[in-house]
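Undergrad: Sequence:
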Amino acid sequence: MTTPDCYACDKEAEFDDLSPRECVAYDQHWRVAHSFNTAVPGWLVLLPRRHVAAVHDLTDTEASALGVWQVNLSQALRTVTGCAKTYVVQFAEAEGFAHVHFHIVPRMADLLPEHCGPGIFEQLRRPEQERVTADQADQLAHALRAQLSGHPNTQ
Numbered sequence: 134m135t136t137p138d139c140y141a142c143d144k145e146a147e148f149d150d151l152s153p154r155e156c157v158a159y160d161q162h163w164r165v166a167h168s169f170n171t172a173v174p175g176w177l178v179l180l181p182r183r184h185v186a187a188v189h190d191l192t193d194t195e196a197s198a199l200g201v202w203q204v205n206l207s208q209a210l211r212t213v214t215g216c217a218k219t220y221v222v223q224f225a226e227a228e229g230f231a232h233v234h235f236h237i238v239p240r241m242a243d244l245l246p247e248h249c250g251p252g253i254f255e256q257l258r259r260p261e262q263e264r265v266t267a268d269q270a271d272q273l274a275h276a277l278r279a280q281l282s283g284h285p286n287t288q
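With the sequence shown counted from 1, adding 133 to any position gets you the numbering used here.
Hints in this document: simulated from the structure, not taken from any laboratory.
Ideal Cβ placement from N, Cα and C applies to all residues, glycine included.
Check the hints yourself; a few may be wrong.
[What the hints assert, rightly or not] Label-pair distances were calculated between CB atoms; the ranges are: (1) Ala227 / Phe148: 21 to 27 Å; (2) Glu247 / Asp190: 32 to 38 Å; (3) Gly229 / Thr192: 21 to 27 Å; (4) Glu247 / Ala279: 30 to 36 Å; (5) His248 / Phe148: 31 to 37 Å; (6) Gly252 / Thr192: 32 to 38 Å; (7) Asp160 / Ala187: 17 to 23 Å; (8) Glu255 / Asp193: 33 to 39 Å; (9) Thr212 / Arg259: 24 to 30 Å.
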């Protein structure tokens with residue numbers, strides 16, 4: 134089921150035609166996309182495949198898979214990007230983005246102090262020429278898929 138004026142639901146409705154960056158990996162309940170407006174290569178977004186507006190509305194099955202996804206994605210990002218750690222963040226407050234989604238962000242060892250922690254969101258406000266391109270995001274999606282291919286239920 135999709136909800137009007139919801140970016141995640143609009144993309145889910147196009148599932149069979151999604152680019153690698155819009156569907157890095159998925160299972161019955163979750164889909165992983167590369168963020169489209171970031172200067173951080175590997176900035177992922179983990180979204181439930183049905184419309185959910187708050188974490189407390191996740192089903193038990195969705196909730197139990199959530200932690201596995203977060204750990205598997207963090208491990209894959211560490212291998213592919215060499216990040217020191219990952220940030221996992223959830224707000225779902227921006228207009229058009231009220232659909233629950235989790236940011237899984239690779240935090241590189243050389244990240245400037247002002248961009249650590251919540252400051253990482255400044256990387257979503259960088260000028261277009263500094264952002265990860267569609268081709269770069271697709272290449273990262275393929276590398277991440279290869280890392281995730283051994284995990285059960287991941288497609």
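Undergrad: Out of the numbered hints, which ones does the structure contradict?
TA: Per hint list: zero violations.
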